[in-house]
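S.K.: As given, the protein sequences belong to chains A and B, one line each in that order.
With the numbering used here, the residue at position 97 of the first sequence is 97, and numbering never jumps.
With the numbering used here, the residue at position 89 of the second sequence is 89, and numbering never jumps.
Treat the hints as calculated values from the structure; they're not laboratory data.
Where a beta carbon is used, it is the ideal one built from N, C-alpha and C, also for glycine.
Treat each hint with caution, since some may be false.
[Said to hold, decoys possible] Derived list of chain B stretches under chain A, where covered just means 3 residues or more per stretch with a C-beta under 8 Å from a C-beta of chain A:
1) 52-59
2) 65-79
3) 85-93
[Stated by the list, open to error] Computed footprint of chain B on chain A, listed as stretches where at least three residues anywhere in the stretch have a Cβ under 8 Å from a Cβ of chain B:
4) 48-60
5) 69-77
6) 89-96
7) 143-154
2 protein chains.
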Amino acid sequence: MDPAKETTDAALVGWLNAAIEEAEKSWAEGGIPIGAVIGAPDGSIVARGHNERVQSGDPTAHAEIACIRHAGRRRDWSRLTLVSTLSPCIMCTGAVVLYRFGRVVVGEHQTFLGAEDLLCDSGIAVDVLEDPRCIALMERLQREKPDLWAEDIGS
Amino acid sequence: MDPAKETTDAALVGWLNAAIEEAEKSWAEGGIPIGAVIGAPDGSIVARGHNERVQSGDPTAHAEIACIRHAGRRRDWSRLTLVSTLSPCIMCTGAVVLYRFGRVVVGEHQTFLGAEDLLCDSGIAVDVLEDPRCIALMERLQREKPDLWAEDIGS
Chain A
1 MDPAKETTDA ALVGWLNAAI EEAEKSWAEG GIPIGAVIGA PDGSIVARGH
51 NERVQSGDPT AHAEIACIRH AGRRRDWSRL TLVSTLSPCI MCTGAVVLYR
101 FGRVVVGEHQ TFLGAEDLLC DSGIAVDVLE DPRCIALMER LQREKPDLWA
151 EDIGS
Chain B
1 MDPAKETTDA ALVGWLNAAI EEAEKSWAEG GIPIGAVIGA PDGSIVARGH
51 NERVQSGDPT AHAEIACIRH AGRRRDWSRL TLVSTLSPCI MCTGAVVLYR
101 FGRVVVGEHQ TFLGAEDLLC DSGIAVDVLE DPRCIALMER LQREKPDLWA
151 EDIGS
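Looking at chain A on its own, in the form it has when it is part of the complex:
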C-alpha cells in the first residue's frame, strides 16, 4: 500500500472525528450541530470550529467560516483541506473558493446539499463521505429545531 495514501486516510479519519466533536460540542451548547476542521498535508489540524450562530448571535458564524477565522491570516490555503460535517452552503463555499483551498471533505450531503457544483467548477477537489454520524446530527436538528435550521440557511 502507498504509505502516502495510508497516512492521508488515517489523517482524514482524525479530521472527520474532530469535526464531529466540534458539531457535538455546539449541540451541547444549544447551537447548530455542524463542525469543521482545517487539515494540513502532514495530517495535523490547523484550526477547528463549529457553528456559533446561536451562541454568538453572528449570522455569518457557520462552522466553516468560524474555522477559517480561527486559522488566522495565512497564505498556504491551497495546501490545506477543509473538512465539514455538512455540505458547505454558498457563503462557506465562497470563502473556500476565495482562498483556493486544495480540497474539501464533506461529512454528508443527504440532509442538505450546498454549493458543491461551485467548488468543483472552481477546481477544488470534493469528497463526500456520507458518514452516518454526520447524518444523524443533522436529522436530529431538523426534527427537533426545524425553525433554527431554516434560519441558518436563509429560508
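Place chain B on chain A using the hints.
M.R.: Relative to the frame of chain A, chain B by itself:
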C-alpha cells in the same frame, strides 16, 4: 417626480457616504479601505462595517461579512440593501445569496470585479455606481500596499 424614488435616491446617497466613512476609518486604522452598510426600506441604516482583517487577524472579516455580522440574527434580509464601496468577492457574494438580500449597491468595480454574475443569476438586483471616491480609496491601497491587497483576495 416619484416621491418614493426621491426618498430612495436620498437614502442611497446616505448609505454610500456611510460606507465610504467606514472605508476611511479602516484605512486610518492601518486596514483595508473597504466599507459596507445595510440599508432598510425606510432609508435607515441597519448595520455598518469595514474590512477588519488587518485589525483583527480574521481572514473572513471582509467589510460585507463584518457588516452582516453586526446586523445580527434576523429574518428580513430580503427587504434589505447591502451597500459596499467595492464589488463583493465570492465569499461576500455567497453570504448575500445565502440570506437572499433584495439588492446590492456597488461603489465601484473598476479596481476589482467580484462575483456580480452570481448575484444577478441569484435574482439579486445589482447597481454599480463607479463613485470616484471609492475608486480613489482602492487605487491608493493597490499602489501603497499591493501585497496586503493580494492577501485579501487570496492571490
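S.K.: For every hint, state whether the structure bears it out.
M.R.: Evaluated hints:
no.: 1; hint: 52-59; verdict: holds (count 4)
no.: 2; hint: 65-79; verdict: holds (count 9)
no.: 3; hint: 85-93; verdict: holds (count 5)
no.: 4; hint: 48-60; verdict: holds (count 5)
no.: 5; hint: 69-77; verdict: holds (count 7)
no.: 6; hint: 89-96; verdict: holds (count 7)
no.: 7; hint: 143-154; verdict: holds (count 3)
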